[in-house]
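Undergrad: Sequences listed follow chains X and H, in order.
For the first sequence, the residue numbers in this note's numbering are 1 to 498.
For the second sequence, the residue numbers in this note's numbering are 1 to 497.
Hints were generated in silico from the structure; no laboratory data involved.
Please note: incorrect hints may appear among the correct ones.
[What the hints assert, rightly or not] The calculated lysine-lysine pairs, modelled on DSBU-like cross-linking and capped at a C-alpha distance of 30 Å, are: (1) X:K355 with X:K160; (2) X:K404 with X:K355; (3) X:K368 with X:K437; (4) H:K382 with X:K24; (5) X:K355 with X:K437; (6) X:K24 with H:K464; (7) X:K160 with H:K177; (8) X:K355 with X:K368; (9) X:K368 with X:K429.
Now for the letters of each chain:
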Amino acid sequence: MVLLNIIIWLPILAGIFLLGTPLKNPAWIRRFALLVSVIPVALALFLFLRLRQGHAPEIQNRLWVESIGLGYSLGVSRISILLVVLASLVGMCAVLVSFRTEQRPKEFFGLLLLMVGGISGAFSSLDLFFFYAFHEFALIPTFLLVGFWGGPERRQAAIKMTLFLGVGSLVLLLGLLGLYLKSGAHPTFYIPSLIEHYRSSPLNDLDQQILFGILFLGFGTLVAVVPFHIWAPDGYAEAPPAAAMLHAGVLKTFGIYGLMLTAIPMLPEGYSAFRYPMGCFGVLTILYAGYVALRQSDLNRMLGYSSVSHMGYAFLALAAGTPVAQEGVVVLMLAHGLSAALGFAVAGFSYSQAKTREMPVLGGLAKKMPAAATLFSMAALAGCGLPGLGNFVAELLIFIGSFKIFPVLTALAVWGVVISSTYLIRAIKAVFLGPVKDNGREVRDMTWMERLPCFVLAAVLVWIGFLPRSISDVHGSHPPENPKQWAQTRDPSGTPSL
Amino acid sequence: MNFAAILDSAKERLLETLQLPLLIEFLLLAAAMSVLMIQAFFPLFSRRRMTWIVILSFGFLLVLSLLPIVRVINTESLVNVFGTSYRLDPWTMTFRSFFLLAGLGVCLLALPWVEHQQENAGEYLSLLILAVLAMVLCAGVADFTMLFVTLEFLTITSYVLVGIQRRNPLSLEAGIKYLIVGATASAMMVYGITLIFGMTGTLQFEAIDTFLRAGNAGSPMIKFGLLLVLSGLGFKIAAFPFHWWVPDVYQGAPLPTVALLSTGSKAAGFVLMIRVLHDAFQPMAEFWQPILGLLAAATILYGSLAALTQNNLKRLLGYSSISHSGVMMLGLAAGTIFGQQALIFYLYAYLFGVLLVICPMALWETPSSQHEISEYSGLRDKSPWLAAAMMVGLVSLAGIPPLIGFFGKFLLLIAILEQQLYGLAVILLIGVGASLYYYLRVIRALYFARGDIGSHPVPALHQKVILGALIALTFFFGLCQEPLWRQASAQWLDWFS
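In isolation and in its complexed conformation, chain X is listed as follows (with noise of 0.2 Å):
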């Protein structure tokens, strides 16, 4: 598992050497952050490549504690390993989009790339106590960038997401040292034995529909889960691009990805208590989000209720857990994470050109920058759910998944497209096309250097849109039919494949 360990800590090293390092010459600079987030790409790349031959996943466990159970445990499934795929792919992308960051480029790459390790190894542990660690470690750099490097009120922006997200995280530990302690005569918190432990002498259903509420509050807060979304759109509204497209492209899915992982394998009667509920979640988030989006006119914060609305579907398919939608919430994690990061990224720019994120004030901006506008609306239309790309692949699996455990709920979150094509199709409409206003007189468009990240985003995204095959593929073990037996199927000897 060395790839794994170098995919993980070379952004973290090098992104300390960056912070301590006396070095000035931004032009360096930046080549060195370009470097060092290119590797990661490459190797995971190669370790899903691996994995899609059909190669067994590595595990390294190490005991890091011992007389507590703790131990430093790395192993990646066919989920994980997209996840990680993607995280170093929108890392690279923003290392890119902010090249030629003017203020204080050191600090700000070193920041970035600590959050690209802190992802990635969030992802790849399967200890309790490093998957959460390094969740938490990805959220200092974040709430650090948003606090310098953001927008007019990003003081305000970085305070409330370091409190919400503080306390979310604190709510989940509680819950993950529920799930450590109820473990047995000798807890452990590496991941597969909890899974076997819990699947071999599950706890009694009081105890699991307490524990699974506590992570439940806890993954929904990090995932901004209506009412717990406050934070997100004022967050992702103020944020520097960077750091917005790995915040909301892939730290957040962290929520849903540790709800696949921990509560829903280790406590299947908490779940089966609380699916009724977060499917109504979801389906609150999708449509509360959504109306409030149409009322934005700020286009950053529009796209940041966007972004909260479509993880709603991931809950409503998580609640439904037929195969379909599990699919589908693999597929809606790595193509919400594509189109939010190129929104937000493409929004980004046209920030920096404009010098006003008001839509009513903007307008006719695609006569000066077609390229950006071509790719904002990639950004738009995905997010419309439109055919060919990624996020309609993962919509329409969710609706078939959830429609038969839960019709109404569906039916009302199909609603939720329609809302979403309104506000994104208007966004396209109010910033890009018309006729040019005073703010847009000044412009240009995106330089190669500027549309690369955006070209690669989108060109998965397509990829994904038209052959989601080649992600679903992968040592092909599906779930099967009843969600109540997830436990009941997994590799007892290995990664959790779910």
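Got chain X; can you put chain H on it based on the hints?
TA: Chain H in isolation, oriented as in the chain X frame:
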């Protein structure tokens, strides 16, 4: 006699000396006396050089205390010293290293303070060593006489350390407040000890334990006595409702003293609590556990809520220190060995955090400093090193991974959840949430605010090295917790060999 034989006998002598039971304690005493003597007979001896000598001797003693040969004792027959009133067991040794580390850290921060302090530098240093000696003695207390003597020793040296700047009215006020509070606490404690002695007929912890196990655990007089003793110790660790001296004393006392009070002195209070509760009153656990739980909850809530609105950094540290005391008391309220081990780990984490916050304050201090948070606005632009060290310290105290403070809270949370004390866990989380907010306010001032700071000393290279080493340790122990956890849980016997 050939050379090899001389070498052998010298080696043997050295080993014998190293295994003397109170070697380190006597060396500390010798150091304190030497500093006093140097001050008296060579008044022109450079203060700076003297501080360095003290730092080096603390470092030497710390290394000595960690040496396996010094620590290896026969665990079956615990080494008793002074009759049965003092004993050397693994936890005495663990705490001894902790106190020496705290003394080393406090001396490092005293360096800039001693330099621009006009008078009393020599006395200050020797009292500092004596205070550390008192704490080291607290670690091995095995009866109530010894407890009272060591505690008074510590308290009396602390009075002087608090009020040493006798031309500064704030410092004098702090000294007098601390004196009155301390005297009251001692009086309550003596009263409690007499009650316990009257009922049990002994002052020895082990004898009390045997007496209670014989079916006498229900006596109301013993309970009352224990409550009074706990109150006396509660003053030392600043537990609610005996906390109210903290903000004023912290505000008035010199910075090194603040560091000593909030780390060493607090730890001494905790080790005495562990000794009393675990060695003597374990059979009455059902009585004191809920009381400690309630006090811990009240302490956390009070400290966190009061810290929310503070504008003075020293007072903020005072209130947050109250809140941290509450968090540590959770380890006692859990009533398990694991809880006590978690508490010791937390003490280490807290030591590193406090040093990282106070070191930059000491380096940044000018004679006119009031330590308002606004004085630190925009510190990042003036001195990125100090700002970074302070931020790491605050973040660690707030308990965010991968820093060491997080793992301390993590262990305590496990300890209380293990005992199904869910209410206390929620209170702990509330405290952590509040601490996120008030520490963040300071970080915001350091990094986000712009302020006109005026002229301040710039940290020299060796100070940067010290800060860098502290930051590195905070990260290292946050990620590789095993060495420190072994130290805290006194599992080192098999580790060194």
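Undergrad: None of the hints should be skipped; say for each whether it holds.
TA: Going through the hints against the structure:
Distance check on the hinted pair: K355 of chain X and K160 of chain X sit about 24 Å apart at the alpha-carbon level, within 30 Å; holds. A threshold of 30 Å between alpha carbons decides the hint, and for K404 of chain X with K355 of chain X the separation of about 48 Å lies outside it, so the pair is violated. Under the criterion of a C-alpha separation no larger than 30 Å, the hint pairing K368 of chain X with K437 of chain X is consistent with the structure, at around 11 Å. For the hint pairing K382 of chain H with K24 of chain X, the CA-to-CA distance comes to about 18 Å; that is within 30 Å, so the pair holds.
Proximity of K355 of chain X to K437 of chain X is assessed by CA-CA distance (about 13 Å); at most 30 Å being required, the pair is judged to hold. With a CA separation close to 20 Å, the supplied pair K24 of chain X and K464 of chain H stays within the 30 Å bound. With a C-alpha separation of about 39 Å, the suggested pairing of K160 of chain X with K177 of chain H is violated against the 30 Å cut-off. A C-alpha spacing of about 15 Å is found between K355 of chain X and K368 of chain X, which places the hinted pair at or below 30 Å, so the restraint holds.
As the CA atoms of K368 of chain X and K429 of chain X are separated by approximately 15 Å, the hinted pair is consistent with the 30 Å bound.
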